[in-house]
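J.: Chain residues, written in single-letter form:
There are 2 protein chains.
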Amino acid sequence: MSAEPRLLANAIRALSMDAVQAANSGHPGMPMGMADAATILFTEYLKYDPADPKWHDRDRFVLSAGHGSMLIYSLLHLTGYAHPTMEEIAHFRKLGSPCAGHPENFMLEGVEATTGPLGQGFAMAVGMAIAERHLNAVFGDDLVDHHTWAIAGDGCLMEGINHEAVGLAGHLKLGRLNVLWDNNKITIDGSTALSTSEDIPARYRASGWHVVSCDGHDFDSIRRALDEAVSDPRPSLIDCQTIIGWGAPNKQGTSATHGAALGNDEVAAARKQLVWDSEPFDIPEPIIRGWREAGGRGAQVRAEWNARLAANPQRGEFERRMEGRLPDGTARSDYLDGLAANPQKVATRKASEMALEAINADLPETIGGSADLTGSNNTKTKSQTPLTADDYSGRYLYYGIREFGMAAAMNGMALHGGVIPYGGTFLVFSDYCRPAIRLSALQNARVIYVMTHDSIGLGEDGPTHQPVEHVMSLRMIPNLDVYRPADAVETAECWELALARADGPSLLCLTRQNLPQLRTERSANLSARGAYRLRPAKADRRVVILATGSEVETAVATADKLEAQGIGADIVSMPSWSAFDAQDEAYRRDLLPDGVLVVSIEAGTTFGWERYTGLKGLRIGLDRFGASAPAEDLFERFGFTADKIAPQIVAALNSGDK
Amino acid sequence: MSAEPRLLANAIRALSMDAVQAANSGHPGMPMGMADAATILFTEYLKYDPADPKWHDRDRFVLSAGHGSMLIYSLLHLTGYAHPTMEEIAHFRKLGSPCAGHPENFMLEGVEATTGPLGQGFAMAVGMAIAERHLNAVFGDDLVDHHTWAIAGDGCLMEGINHEAVGLAGHLKLGRLNVLWDNNKITIDGSTALSTSEDIPARYRASGWHVVSCDGHDFDSIRRALDEAVSDPRPSLIDCQTIIGWGAPNKQGTSATHGAALGNDEVAAARKQLVWDSEPFDIPEPIIRGWREAGGRGAQVRAEWNARLAANPQRGEFERRMEGRLPDGTARSDYLDGLAANPQKVATRKASEMALEAINADLPETIGGSADLTGSNNTKTKSQTPLTADDYSGRYLYYGIREFGMAAAMNGMALHGGVIPYGGTFLVFSDYCRPAIRLSALQNARVIYVMTHDSIGLGEDGPTHQPVEHVMSLRMIPNLDVYRPADAVETAECWELALARADGPSLLCLTRQNLPQLRTERSANLSARGAYRLRPAKADRRVVILATGSEVETAVATADKLEAQGIGADIVSMPSWSAFDAQDEAYRRDLLPDGVLVVSIEAGTTFGWERYTGLKGLRIGLDRFGASAPAEDLFERFGFTADKIAPQIVAALNSGDK
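Taken in order, these protein sequences are the chains called A and B.
Each residue of the first sequence is one higher than the one before, counting from 334 in the working numbering.
Each residue of the second sequence is one higher than the one before, counting from 334 in the working numbering.
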């Protein structure tokens with residue numbers, strides 16, 4: 334190392350305080366406090382090569398304390414990544430700069446995960462470490478042999494999801510996972526003593542972690558701790574005892590440095606304290622040279638790895654998986670042929686399991702799981718063995734009663750690459766996962782959520798377990814594809830679409846109760862257009878009945894009643910709003926023409942259906958909480974029967990509004 | 334005690350297995366496993382009187398493992414509550430029976446909280462224990478001196494929220510809180526060893542809890558543990574080592590007893606094993622007598638408490654608070670007069686703080702707080718001191734970085750009664766609280782959520798922190814009142830409405846950025862109708878511009894531009910959808926008449942606005958994730974300026990669709 338670590342670290346401090354000052358917003362305290370530990374990590378331990386940010390066997394680094402984003406921007410720039418440039422850093426938090434307020438994986442290579450919502454970065458790192466061990470078990474040390482690192486703050490550790498992530502990592506003995514805890518004892522509100530009295534190391538040890546402490550401003554102490562972490566077979570928490578805002582003489586150690594610019598006076602005082610004479614955004618040449626040398630450490634390692642890859646007989650399959658390309662389906666195609674020949678009356682959760690039998694046979698990269706509802710979510714196929722600490726090659730994860738932790742881990746697995754994670758819980762508990770589902774969408778992560786028991790059709794468990802607003806509220810999350818298939822065929826189609834989408838998450842809403850198979854012709858994937866005419870009107874068309882999932886069966890029965898009265902009714906099945914909205918206007922108008930009464934049926938909130946029914950259409954739904962009773966009684970009680978719906982349609986037609 | 338505890342406990346077992354068998358659905362394993370411990374708790378420790386289920390100084394008992402609902406239904410019936418009757422128990426999980434699949438506080442007195450979504454019951458118990466200590470500090474031992482008890486299972490303990498609840502309770506030294514952990518080592522998927530390796534007692538001790546273990550089927554062991562828990566000054570976890578489904582000879586100790594009826598054969602075998610000869614739903618007279626004697630233990634204690642209450646000079650105030658009646662406002666009224674006289678250009682989060690200054694002066698029952706964003710949420714008023722382990726009389730809680738734990742604790746506080754909790758975080762993190770917000774609504778709990786930074790107006794923190802779908806997705810939760818006020822006056826009005834609503838939760842969406850005060854006339858509470866005409870068109874009305882929150886200012890500027898072109902535009906401010914939807918049709922039509930172009934402006938998803946604009950109206954919103962930049966740049970970039978909106982309206986008018 335040609336430059337003293339302190340000088341290298343001070344470059345991070347200078348960039349961080351200057352960028353925050355220029356933006357007049359941001360979080361200087363964390364990067365200034367963790368600069369020393371991060372310098373040791375990035376100059377002596379972390380395996381990476383700025384020349385190939387996507388090198389498959391790089392170490393993964395997650396800045397879970399995402400508000401300290403200037404730390405990672407500084408590190409990427411200093412070690413020699415193409416981005417961010419100094420210009421981009423100088424435009425921190427401005428429109429167009431990839432240096433966003435919080436690190437965004439879709440803006441910068443080297444940012445492995447989008448962080449900021451506290452606790453989730455840590456939990457994503459757990460998922461990355463799972464993916465690494467799994468791929469290591471499949472492809473061997475020659476191709477997959479890296480660590481996952483994270484920096485987390487007190488906030489990440491106080492969040493509930495931390496408990497889930499720590500429990501999962503400890504149980505799976507993810508020794509390649511090392512988390513540096515920025516233990517500065519400061520939160521936004523002030524001292525951590527305001528709100529917590531926890532013995533954090535004791536809690537981690539209770540979950541099977543190794544904990545080691547260091548002085549976060551003493552380089553030898555940091556090295557000793559990192560060495561110990563790397564050599565310990567358990568996941569490690571590295572307790573870095575730091576001073577927030579280290580270097581700012583009047584504000585360091587206080588929450589004043591946490592989330593606001595230091596101010597010109599304090600920046601000047603810090604420059605004096607750090608003996609840092611350069612102008613803002615100017616790094617002295619010897620220091621930049623020291624950083625670039627450190628950034629170059631990985632080139633040789635990567636060259637050796639490339640040589641091993643070139644010689645490896647599994648190279649093609651390894652690259653296919655890491656690049657996220659699907660193999661051609663064969664079992665899946667056979668499965669759909671079989672459905673056409675032998676229609677199945679099953680719950681769509683069961684249809685999902687049947688589709689998965691074919692999918693898992695074709696796609697060795699899927700890793701399934703459930704948050705302790707395996708038999709209810711039907712997420713495990715026969716051939717899947719558990720992924721455990723003793724056998725990482727397994728393809729099924731018992732996530733435990735950790736819905737949020739599961740979702741975040743799946744994000745990490747998808748971001749790592751090489752695997753396609755899917756996981757289940759009850760749809761009502763999508764609320765528990767929701768912050769991670771949003772991050773799947775924001776991060777363009779191919780995660781597939783299997784959400785079963787998707788309406789009052791859940792029955793006796795009652796309103797705490799019955800989704801009402803969930804399907805609709807999930808449809809609003811940008812970039813999330815929500816599917817509610819109507820039968821076994823649509824379920825297989827929706828699975829196909831979800832898997833084919835490499836750049837974002839999908840969520841399947843599936844029934845507990847059995848549904849008839851409504852399609853028996855082998856056809857193209859009709860779900861791909863979001864909605865399609867399942868059956869055209871027989872009599873003159875006066876109504877279009879639009880339904881999803883289990884209510885398509887009800888729509889058919891309702892249409893039958895109307896046709897018996899000479900009222901023609903199209904039946905439109907709509908498994909996906911977002912796919913339908915993406916169709917051209919001609920297609921949309923053909924399905925939902927002007928001048929015809931449009932009726933929506935969905936056993937959930939009616940909120941939002943005006944988009945398709947207009948204000949004069951009818952919306953059959955449930956705008957209250959459900960109740961505990963057998964499903965049939967609930968559908969009857971809440972009006973989801975043809976006997977109750979058909980007269981409303983007749984009345985609407987007779988009212989002359991249309 | 335006239336009957337052996339085992340015989341009493343077996344009555345719970347018999348009722349539980351018979352009710353589940355009759356419903357052919359439910360969870361017999363938990364009540365059968367915990368019957369012994371629950372019998373000791375309800376016959377020897379718990380303070381309650383079935384003759385007055387709402388007795389203010391009763392112990393609170395929460396069945397956090399709500400799937401074991403037959404346990405609480407059995408206990409309430411056996412100890413002599415008016416409900417559930419045996420008939421109601423026999424109709425467990427049927428339409429109309431108050432014995433729902435999971436316990437519902439709105440169906441049965443004696444059920445203190447609606448549970449089932451795992452982890453939340455425990456966290457609500459923490460809130461109840463906070464309320465108890467606070468009211469004790471205010472009203473003294475004579476009036477408030479009770480314990481909070483909970484039964485939690487492995488699932489409750491594995492959920493992330495458990496970490497938050499445990500941390501909060503330990504920090505606040507809630508010694509009156511005792512949680513019985515049904516340590517049966519079984520989850521739905523099988524053994525807990527499938528998914529966890531945690532040393533749970535060590536984790537609890539790390540957070541300042543007392544932990545004591547007992548054999549959950551040995552009555553003396555249970556008593557020793559409960560005695561130790563009651564006497565220890567820390568919150569206690571009572572590790573009850575149990576066998577799930579105890580008494581079912583072939584299935585006990587396995588996940589087969591967890592979530593399904595035992596089956597007739599196994600029920601018959603269990604009857605033999607338990608030497609229980611009675612018919613289903615028939616309890617032998619000596620056993621019912623033993624239970625009723627136990628249920629009568631509290632009558633004398635309550636009589637003595639009533640005598641103390643009658644003599645207490647604070648009786649009136651105590652009863653007012655416990656019954657949830659608000660006092661008349663004076664400071665609040667003065668505050669509104671002041672706003673009319675001196676309009677304020679402030680962020681609505683700041684306006685909320687200003688309103689709270691008046692509210693907290695008038696209402697001694699409010700307890701504020703924030704999940705570590707006090708200065709950003711503006712939730713703390715000057716006179717509020719912290720509620721701490723050293724001083725429970727404080728009225729401000731530093732919840733720490735525990736959004737979900739905060740929300741669930743607030744539910745518990747509201748359900749306890751005597752306090753009105755409000756708490757803040759960023760609106761985007763409403764996702765972290767969402768499962769508890771839903772339970773506020775389902776439970777009819779007066780909890781007020783203060784959600785700030787309610788749009789891209791948050792600015793530089795970027796898309797991870799910018800709500801897009803949140804306001805709309807919260808509007809869909811049944812029974813939740815969502816407000817998005819436009820200025821300081823509306824903010825005060827929305828606060829007034831939220832406080833006045835004794836039977837449900839409210840959620841305020843507030844800006845980070847400053848907004849002009851749009852109303853300067855002292856008037857009735859216009860927000861009460863959900864929407865109102867802020868300014869009528871000057872020229873002939875051709876447009877109604879409908880907006881909420883910060884976009885009302887934009888609506889005014891847009892209307893100005895239109896009027897300058899001779900296009901009349903009404904401006905309607907709509908702080909609450911649910912209140913507007915509850916108005917009569919004449920009022921709604923008057924605001925949003927047919928034949929006029931309706932334009933909505935809200936800096937969030939356009940999803941759902943068709944309800945008011947119809948399909949031919951215009952919806953100005955944001956249907957993608959935001960970006961990191963100063964707020965003004967984002968509003969410009971995403972089209973929320975009069976310059977960008979007015980031409981779209983003109984174009985729509987000229988298109989001739991209307």
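The set of hints was computed from the structure by calculation and includes no laboratory data.
There's no promise every hint is true.
Because identical chains share one entry, a pair is satisfied inside a single copy or across any pair of copies.
To be verified - DSS-like, lysine-lysine: derived pairs with alpha carbons at most 30 Å apart: (1) Lys427 x Lys678; (2) Lys506 x Lys518; (3) Lys518 x Lys715; (4) Lys715 x Lys427; (5) Lys949 x Lys683; (6) Lys506 x Lys380; (7) Lys678 x Lys605; (8) Lys715 x Lys894; (9) Lys715 x Lys506; (10) Lys678 x Lys506; (11) Lys871 x Lys518; (12) Lys605 x Lys506; (13) Lys683 x Lys427; (14) Lys387 x Lys894; (15) Lys894 x Lys871; (16) Lys977 x Lys678; (17) Lys427 x Lys977; (18) Lys683 x Lys518; (19) Lys427 x Lys605; (20) Lys683 x Lys715; (21) Lys715 x Lys605; (22) Lys871 x Lys605; (23) Lys387 x Lys715; (24) Lys894 x Lys605; (25) Lys380 x Lys715; (26) Lys871 x Lys427; (27) Lys683 x Lys380; (28) Lys683 x Lys605.
J.: Decide, hint by hint, whether the structure agrees.
T.: Evaluated hints:
In this homomeric assembly, Lys427 and Lys678 come within 30 Å of each other (Cα to Cα) only across copies, at 26 Å, whereas the closest approach inside a single copy is 55 Å. For the identical chains of this complex, Lys506 and Lys518 are neighbours both inside a copy (28 Å) and across copies (20 Å), given an alpha-carbon limit of 30 Å. Taking the closest pair of Cα atoms, Lys518 and Lys715 come within 30 Å of each other only across two copies (25 Å); inside a single copy the shortest separation is 49 Å, beyond that limit. For a Cα distance limit of 30 Å, the shortest separation of Lys715 from Lys427 qualifies neither inside one copy, at 51 Å, nor across copies, at 35 Å.
Taking CA atoms no more than 30 Å apart as the test, Lys949 paired with Lys683 passes in neither setting, with 37 Å inside one copy and 41 Å between copies. In this assembly of identical chains, the alpha carbons of Lys506 and Lys380 lie at most 30 Å apart only when taken from the same copy (21 Å versus 45 Å across copies). Neither within a single protomer nor between protomers do Lys678 and Lys605 lie at most 30 Å apart by alpha-carbon distance, with minima of 76 Å and 40 Å respectively. In this assembly of identical chains, Lys715 and Lys894 lie within 30 Å of each other by CA distance neither inside one copy nor across copies; the values are 42 Å within and 66 Å between.
Only within a single protomer do Lys715 and Lys506 lie at most 30 Å apart by alpha-carbon distance; the minimum there is 25 Å, versus 49 Å between protomers. Taking CA atoms no more than 30 Å apart as the test, Lys678 paired with Lys506 passes in neither setting, with 42 Å inside one copy and 55 Å between copies. Proximity of Lys871 and Lys518 under a CA criterion of 30 Å is satisfied in neither setting, with 72 Å inside one chain copy and 58 Å between copies. Taking the closest pair of Cα atoms, Lys605 and Lys506 never come within 30 Å of each other, the shortest separation being 46 Å inside a single copy and 45 Å across copies.
Taking identical chains as interchangeable, the C-alpha atoms of Lys683 and Lys427 lie at most 30 Å apart only when they sit on different chains, with a minimum of 25 Å there against 49 Å within one chain. Taking CA atoms no more than 30 Å apart as the test, Lys387 paired with Lys894 passes in neither setting, with 59 Å inside one copy and 51 Å between copies. For a Cα distance limit of 30 Å, the shortest separation of Lys894 from Lys871 inside one copy, 12 Å, qualifies, whereas the shortest one across copies, 52 Å, does not. When the C-alpha separation of Lys977 and Lys678 is checked against a cutoff of 30 Å, the pair qualifies only within one copy, where the shortest distance is 24 Å, while the shortest distance between copies is 53 Å.
When the C-alpha separation of Lys427 and Lys977 is checked against a cutoff of 30 Å, the pair qualifies only between copies, where the shortest distance is 21 Å, while the shortest distance within a copy is 56 Å. Taking CA atoms no more than 30 Å apart as the test, Lys683 paired with Lys518 passes between copies only; the shortest distance there is 28 Å, against 49 Å inside one copy. For the homomeric pair Lys427 and Lys605, the shortest alpha-carbon distance inside one copy (28 Å) is at most 30 Å, but the shortest distance between copies (75 Å) is not. Taking the closest pair of Cα atoms, Lys683 and Lys715 come within 30 Å of each other only inside a single copy of the chain (13 Å); across copies the shortest separation is 58 Å, beyond that limit.
Taking identical chains as interchangeable, the C-alpha atoms of Lys715 and Lys605 are never at most 30 Å apart, the minima being 66 Å within one chain and 38 Å between chains. In this homomeric assembly, Lys871 and Lys605 never come within 30 Å of each other (Cα to Cα): the closest approach is 85 Å inside a single copy and 62 Å across copies. Proximity of Lys387 to Lys715 under the C-alpha cut-off of 30 Å is found in neither arrangement, the shortest distances being 34 Å within a copy and 52 Å between copies. In this homomeric assembly, Lys894 and Lys605 never come within 30 Å of each other (Cα to Cα): the closest approach is 84 Å inside a single copy and 53 Å across copies.
Taking identical chains as interchangeable, the C-alpha atoms of Lys380 and Lys715 are never at most 30 Å apart, the minima being 38 Å within one chain and 51 Å between chains. With identical chains, the CA atoms of Lys871 and Lys427 are never at most 30 Å apart, being 59 Å at best within one copy and 40 Å at best between copies. In the homo-oligomer, the alpha carbons of Lys683 and Lys380 never lie at most 30 Å apart, since the shortest distance is 44 Å inside one protomer and 47 Å across protomers. In this assembly of identical chains, the alpha carbons of Lys683 and Lys605 never lie at most 30 Å apart, being 67 Å within a copy and 37 Å across copies at closest.
Hints 4, 5, 7, 8, 10, 11, 12, 14, 21, 22, 23, 24, 25, 26, 27, 28 from the earlier list are contradicted by this structure; the remaining hints agree with it.
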